[in-house]
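*Asks:* Residue numbers (the numbering used here), protein chains in the order written: chain F, 1 to 283; chain L, 1 to 166.
For the record, the hints were derived by calculation from the structure and aren't laboratory data. Treat the hints with care, since some could be wrong.
As the list claims (entries may be wrong) - Derived coverage of chain F by chain L (criterion: at least 3 residues anywhere in the stretch with Cβ under 8 Å from a Cβ of chain L; other residues may be distant):
id, region
1, 52-58
2, 148-159
Claimed, not checked - With beta-carbon atoms standing in for the labels, derived distance ranges:
id, chain 1, residue 1, chain 2, residue 2, range
3, F, Arg-109, L, Lys-76, 42 to 48 Å
4, L, Val-152, F, Glu-40, 25 to 31 Å
5, L, Tyr-104, F, His-44, 30 to 36 Å
6, L, Pro-57, F, Gly-78, 25 to 31 Å
7, L, Ser-85, F, Lys-229, 19 to 25 Å
8, L, Glu-44, F, Lys-235, 53 to 59 Å
9, L, Glu-46, F, Gly-78, 19 to 25 Å
10, F, Arg-109, L, Val-152, 43 to 49 Å
11, L, Pro-57, F, Gly-123, 26 to 32 Å
Unchecked claim - Quick list of in silico lysine to any residue cross-link-like pairs, SDA-like style, CA-CA up to 20 Å:
id, chain 1, residue 1, chain 2, residue 2
12, F, Lys-163, L, Pro-86
13, F, Lys-163, L, Ser-144
14, L, Lys-119, F, Leu-162
15, F, Lys-163, L, Leu-150
16, F, Lys-235, L, Lys-119
17, L, Lys-119, F, Glu-236
18, L, Lys-119, F, Glu-174
19, F, Lys-229, L, Lys-119
20, F, Lys-163, L, Thr-110
21, L, Lys-119, F, Glu-231
22, L, Lys-83, F, Arg-66
23, L, Lys-83, F, Glu-159
24, F, Lys-163, L, Arg-35
25, F, Lys-163, L, Ser-85
26, L, Lys-83, F, Val-148
27, F, Lys-163, L, Ser-140
28, L, Lys-119, F, Glu-144
29, L, Lys-119, F, Trp-230
30, L, Lys-157, F, Glu-49
31, L, Lys-157, F, Leu-48
32, L, Lys-79, L, Val-37
33, F, Lys-163, L, Leu-120
34, F, Lys-150, L, Ser-85
35, F, Lys-233, L, Lys-119
36, F, Lys-163, L, Lys-119
37, L, Lys-119, F, Thr-242
38, L, Lys-119, F, Val-234
39, L, Lys-119, F, Phe-238
40, F, Lys-163, L, Lys-83
By construction, the Cβ of each residue, glycine as well, lies at the ideal position given by its N, Cα and C atoms.
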Amino acid sequence: MEKNFKDGESSKVPPSEGFREAYTLHLADDALVLGHRNSEWCAHGPVLEQDIAITNIALDLIGQARNFYQYAAQLINGFKKAESSRASLLERGFEAEASEDSLAYLRDRHEFKNCLLTEQPNGDWAKTILRQFFFSVYQYFLYEKLQVSKDHQLAAIAEKSLKEVTYHLRWSSEWVIRLGDGTEESHQRMLRAIEELWLYTGELFEAAGYEQHAAKEDLGVDPSSLKPKWEEKVKEIFSEATLPYPNKVPMEGGGKKGDHTEHLSSILADLQFMQRTYPNSEW
Amino acid sequence: MTKDQINKETVYKYLEHVNDPEVPVLNVIDLGIVRDVVLLDEDEVEVTITPTYSGCPAMDVITINIRMVLLAHGFKNIKITQKLSPAWTTDWMSEEGKQKLKDYGIAPPTPKQQVCNEKLFAEEAIQCPHCNSWHTHRVSEFGSTACKALYVCDDCKEPFDFFKCH
Numbered sequence: 001m002e003k004n005f006k007d008g009e010s011s012k013v014p015p016s017e018g019f020r021e022a023y024t025l026h027l028a029d030d031a032l033v034l035g036h037r038n039s040e041w042c043a044h045g046p047v048l049e050q051d052i053a054i055t056n057i058a059l060d061l062i063g064q065a066r067n068f069y070q071y072a073a074q075l076i077n078g079f080k081k082a083e084s085s086r087a088s089l090l091e092r093g094f095e096a097e098a099s100e101d102s103l104a105y106l107r108d109r110h111e112f113k114n115c116l117l118t119e120q121p122n123g124d125w126a127k128t129i130l131r132q133f134f135f136s137v138y139q140y141f142l143y144e145k146l147q148v149s150k151d152h153q154l155a156a157i158a159e160k161s162l163k164e165v166t167y168h169l170r171w172s173s174e175w176v177i178r179l180g181d182g183t184e185e186s187h188q189r190m191l192r193a194i195e196e197l198w199l200y201t202g203e204l205f206e207a208a209g210y211e212q213h214a215a216k217e218d219l220g221v222d223p224s225s226l227k228p229k230w231e232e233k234v235k236e237i238f239s240e241a242t243l244p245y246p247n248k249v250p251m252e253g254g255g256k257k258g259d260h261t262e263h264l265s266s267i268l269a270d271l272q273f274m275q276r277t278y279p280n281s282e283w
Numbered sequence: 001m002t003k004d005q006i007n008k009e010t011v012y013k014y015l016e017h018v019n020d021p022e023v024p025v026l027n028v029i030d031l032g033i034v035r036d037v038v039l040l041d042e043d044e045v046e047v048t049i050t051p052t053y054s055g056c057p058a059m060d061v062i063t064i065n066i067r068m069v070l071l072a073h074g075f076k077n078i079k080i081t082q083k084l085s086p087a088w089t090t091d092w093m094s095e096e097g098k099q100k101l102k103d104y105g106i107a108p109p110t111p112k113q114q115v116c117n118e119k120l121f122a123e124e125a126i127q128c129p130h131c132n133s134w135h136t137h138r139v140s141e142f143g144s145t146a147c148k149a150l151y152v153c154d155d156c157k158e159p160f161d162f163f164k165c166h
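Assemble the whole structure, with the sequences as input and the hints as a guide.
*Replies:* This is the structure in structure tokens:
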């Protein structure tokens, strides 16, 4: 299938910069890695309806990742043609041309640009819910702004995805409240989940170089600008859920630049095994 | 086949034979996912479609089926383009499609009462497609496919799918 990637104005930006590819890959990686994590719940959910819910969310995220990867592949292939001798992220030599599959299945750990939050293990249901909630609040405000990006394809993907994320946000907010303001046991589990995940939330708002560059060109969003709204929403839901809003400064980061926790390795081992072992296999 | 005999309308008619593999009672025209048809030559056509959801696995099958139907009608050069913006909405579903859904046992989207925002715990009144009662409640906002939510009727006790607002 051919996709419509006319992006008008954005083509004014010189292709040699490479930040647009990196920014698009970052958006794709966040969605893929969290989508993969959620998909691990398939057939293991606490009840059938919620098993279906979390796997639907996984499917939405993987769909969004596909759209971003397809666009990234198109940018990279154009970029490669323009500057075939240039090094950096393209040096690794995707077969002939980059594709959504080569970008997902054949990049190494340090090339992934997802936030550390998305790769954290599922833990119990409380931890999975909280991870989704933290990320959905972020993604909701991010896509809201990205919809008006000067890059028409990024804007179109954001516009499409925002509708899906609205459901994710509503669902995960309701679950945070249900568990936080539930039983003693569920409350304790939410407190533990906050303890385990809070330190990874700061990275969402710290702009990597490509994000700064993309924001400067009005192609992307400066994530630090999303922080006040994120905090407000999380405080609102936590208060409803009778959960304390942490006053600690979240300090873990590096994922956006390719410095990952060991958890990403196990995700990639699982995700990439088939293509690494049987290159170009299809079914 | 010549250009005089075939026009856009004819192609739209052909496409009514392409069904959604996941909700087989609806065709792609009912769903509102065909956004444009351009006849480029007597055997050349471009069809623009938009996905209902980003991860909808039916899109690939739908693309293949559109190609098959058009091939069967003599088109040789078929270009199928996917376009994301403007994003698909249930408002594009035909009235005929909504009726077909109801007859099939799926509550159709009801635009006026839709809860499309991030407001919490908002439950809208959805009519049971089996007994027409409004005494229903939501079991889960995610159903057997991305486009549906799961409800149950408090009167006839039947569970049913609701084609949710988007």
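*Asks:* For the pair supplied as a hint, L:Lys-157 and F:Leu-48, is the alpha-carbon distance within the 20 Å limit?
*Replies:* holds, 19 Å
*Asks:* Run the distance test for F:Lys-233 versus L:Lys-119: straight-line Cα separation, threshold 20 Å.
*Replies:* Satisfied, since the Cα-Cα distance of roughly 12 Å is no more than 20 Å.
*Asks:* Would you check chain L against the region 148-159 of chain F, counting CB to CB pairs closer than 8 Å, and say if three or more residues qualify?
*Replies:* holds (count 6)
*Asks:* Between L:Lys-119 and F:Glu-231, is the straight-line Cα distance small enough, at 20 Å or below?
*Replies:* Cα-Cα ~17 Å, so holds.
*Asks:* Hinted pair, alpha-carbon criterion (20 Å max): F:Lys-163, L:Ser-144. Please report holds or violated.
*Replies:* Judged against 20 Å, a Cα distance of about 18 Å means the pair holds.
*Asks:* Closer than 8 Å Cβ to Cβ for three or more residues is the test here. Does the region 52-58 of chain F pass it with chain L?
*Replies:* holds (count 4)
*Asks:* Would you check the hint for L:Lys-119 and F:Glu-174, treating anything up to 20 Å between C-alpha atoms as holding?
*Replies:* The hint holds at about 10 Å.
*Asks:* Holds or violated: the 53 to 59 Å window for the beta-carbon distance between L:Glu-44 and F:Lys-235?
*Replies:* holds, 57 Å
*Asks:* If you draw a straight line from the CA of F:Lys-163 to the CA of L:Ser-140, is it 20 Å or shorter?
*Replies:* It holds: about 17 Å lies between the C-alpha atoms, which stays within 20 Å.
*Asks:* Assess, step by step, whether the Cα of L:Lys-119 is no farther than 20 Å from the Cα of F:Leu-162, and give holds or violated.
*Replies:* Holds, at about 14 Å.
*Asks:* Is the straight-line distance between the alpha-carbon of L:Lys-83 and that of F:Glu-159 20 Å or less?
*Replies:* holds, 12 Å
*Asks:* Are L:Lys-119 and F:Glu-144 close enough, with their CA atoms no more than 20 Å apart?
*Replies:* holds, 16 Å
Violated hints: none; the structure is consistent with every hint.
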